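Number of protein chains: 2
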Amino acid sequence: MKILTFSHYKDVDEERIKDFFAIVIDLLRATSVMIWAISNGAKKIVPVESIEEAKLLKSLNEDVLLGGERGGVLIQGFDLDNSPLSYKKEIIFGRTIVMTTTNGTRALKKAAMAKRIFLGSFINARKTAEYIFKEVLKDDIQKITIVCAGTEEKFTLEDILCAGYFVDIFKTYLESFEVDDLSLASYELYKKFENDPHEILKYSYHYNRLKQLGFEKDLEFCLKKDFVDTICEFKNLVVEKVLVDV
Amino acid sequence: MKILTFSHYKDVDEERIKDFFAIVIDLLRATSVMIWAISNGAKKIVPVESIEEAKLLKSLNEDVLLGGERGGVLIQGFDLDNSPLSYKKEIIFGRTIVMTTTNGTRALKKAAMAKRIFLGSFINARKTAEYIFKEVLKDDIQKITIVCAGTEEKFTLEDILCAGYFVDIFKTYLESFEVDDLSLASYELYKKFENDPHEILKYSYHYNRLKQLGFEKDLEFCLKKDFVDTICEFKNLVVEKVLVDV
Chain A
1 MKILTFSHYK
11 DVDEERIKDF
21 FAIVIDLLRA
31 TSVMIWAISN
41 GAKKIVPVES
51 IEEAKLLKSL
61 NEDVLLGGER
71 GGVLIQGFDL
81 DNSPLSYKKE
91 IIFGRTIVMT
101 TTNGTRALKK
111 AAMAKRIFLG
121 SFINARKTAE
131 YIFKEVLKDD
141 IQKITIVCAG
151 TEEKFTLEDI
161 LCAGYFVDIF
171 KTYLESFEVD
181 DLSLASYELY
191 KKFENDPHEI
201 LKYSYHYNRL
211 KQLGFEKDLE
221 FCLKKDFVDT
231 ICEFKNLVVE
241 KVLVDV
Chain B
1 MKILTFSHYK
11 DVDEERIKDF
21 FAIVIDLLRA
31 TSVMIWAISN
41 GAKKIVPVES
51 IEEAKLLKSL
61 NEDVLLGGER
71 GGVLIQGFDL
81 DNSPLSYKKE
91 IIFGRTIVMT
101 TTNGTRALKK
111 AAMAKRIFLG
121 SFINARKTAE
131 YIFKEVLKDD
141 IQKITIVCAG
151 TEEKFTLEDI
161 LCAGYFVDIF
171 KTYLESFEVD
181 DLSLASYELY
191 KKFENDPHEI
201 LKYSYHYNRL
211 KQLGFEKDLE
221 FCLKKDFVDT
231 ICEFKNLVVE
241 KVLVDV
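Just so you know, the sequences run in chain order A and B.
The opening residue of the first sequence carries number 1 in full-length UniProt numbering; numbering runs sequentially from there.
The opening residue of the second sequence carries number 1 in full-length UniProt numbering; numbering runs sequentially from there.
Simulated from the structure, these hints should not be mistaken for lab results.
For clarity, every value in this text was computed on a predicted model and none was experimentally measured.
We put the beta carbon where it would ideally sit given N, CA and C, even for glycine.
Some hints could be false.
As the list claims (entries may be wrong) - Straight-line alpha carbon distances no greater than 20 angstroms define the calculated PhoX-like cross-link-like pairs of lysine-lysine that follow: (1) 192/A <-> 202/B; (2) 10/A <-> 10/B; (3) 202/B <-> 202/A; (4) 171/A <-> 191/B; (5) 10/B <-> 191/A; (6) 2/A <-> 202/B; (7) 191/B <-> 202/A; (8) 202/B <-> 191/A; (9) 202/A <-> 192/B.
Stated by the list, open to error - Negatives, chain B to chain A, calculated, CB over 10 angstroms: (10) 71; (11) 116; (12) 130; (13) 142; (14) 154; (15) 157; (16) 172; (17) 175; (18) 180; (19) 192; (20) 193; (21) 198; (22) 200; (23) 230; (24) 236.
Stated by the list, open to error - Computed beta-carbon distance windows for the label pairs: (25) 112/B <-> 209/A: 50 to 56 angstroms; (26) 236/A <-> 76/B: 50 to 56 angstroms; (27) 70/B <-> 43/A: 51 to 57 angstroms; (28) 244/B <-> 115/A: 54 to 60 angstroms; (29) 53/A <-> 76/B: 52 to 58 angstroms.
Build out the structure end to end from the sequences listed, making use of the hints.
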């Protein structure tokens, strides 16, 4: 098994990941929000790149909810911001949500060439990794890529720590596997701050920006591990819950 | 003071680094080789991107030596490969060397927009950082960028560890400074493997490739810290020794 990590969506080599399973991570907060929304009963999420596109879809179907952010905050005229805490069951259950965010949406689109694309976050990493591991064995896929969204086309520490957690979980399943340098670095960084990622993230850029914007509870939420069982897949331009056989 | 790190040369935002001092690192082995060659008395080094360009310069002046690598090994018709151990005093003293390497040369050119450009390696990091620190204060420059060459346009662990060492040294001079996420990650990774970088590099890509090619001694050489006092600057397309007032 081979694991390849990209530090931001712009770095993704679309041709190279064609025969990979992909995990897309925008920990703070796009993929965490989407996973939480689906877990809370949203029917599906349609990630789009622009505000215009989101509004166009709403004009075609008034029932959809609009969610996302620009500069970290609610977009004027939208129903929901980018805070997972806004995606309450009573608001979103059974609904289709059109979302636009700065980095996460673009990362999903950049990963679109991969064989299958899953959403990753600390909140559901273990279940997601376990599912992916079973599926790659079934389909005889030998390659997994972790696509970190990054921030403003730069390496972003919280995404990398979450990538490292995925590597850590995969490691427990495999006797030997091949990782690229960034997967290895992510793993080592994750292990160093495994017990308290806030300890290093408090010096990092995006985490601090969200803190300044008043989203401290979101930071706590998105860094908590594995309290969600829902696995989310991006397929035919839509994020939906994966139905798992039991 | 602000420190910004790039994980590979292609990522460098040339416009953004205009008012920065830059440190370019291709630890294995381009910048280590160039620093060692200058320290051993080479007059100057002319980094060029292609073999053709190197041969053209030789045709204009037969006295120059040609050095570098493709696929890690000696280029046909060249005088020197990319191993620091080849750059012995008796061969290179007083000579001009035209060099072409896969990543290091390109990284130097990508950093060319910076205010001043220095070559970095473990072998001379402390002296280089000390000099840069004095100069930035003198010129009232508030920004330093560390440009890792990377390997094949990817994040490369040995360059990142060396970047982390530079951050560690700068940290000792400054009460507070601002680092981007990659500088912070480099620092934490460096500190984790400070006493034995081989411990993690033995799992990394480029290090292993050089080991397989038989360059184990080069790996030992390039990972040894601060046995060289020479500071090298890339200026007007040429690498030369910085003359320091004492």
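Subject >> Hints breached by this structure >> reply: Hints 3, 4, 5, 14, 15, 18, 19, 20, 22 and 25 are the ones this structure does not satisfy, whereas the remaining hints hold.
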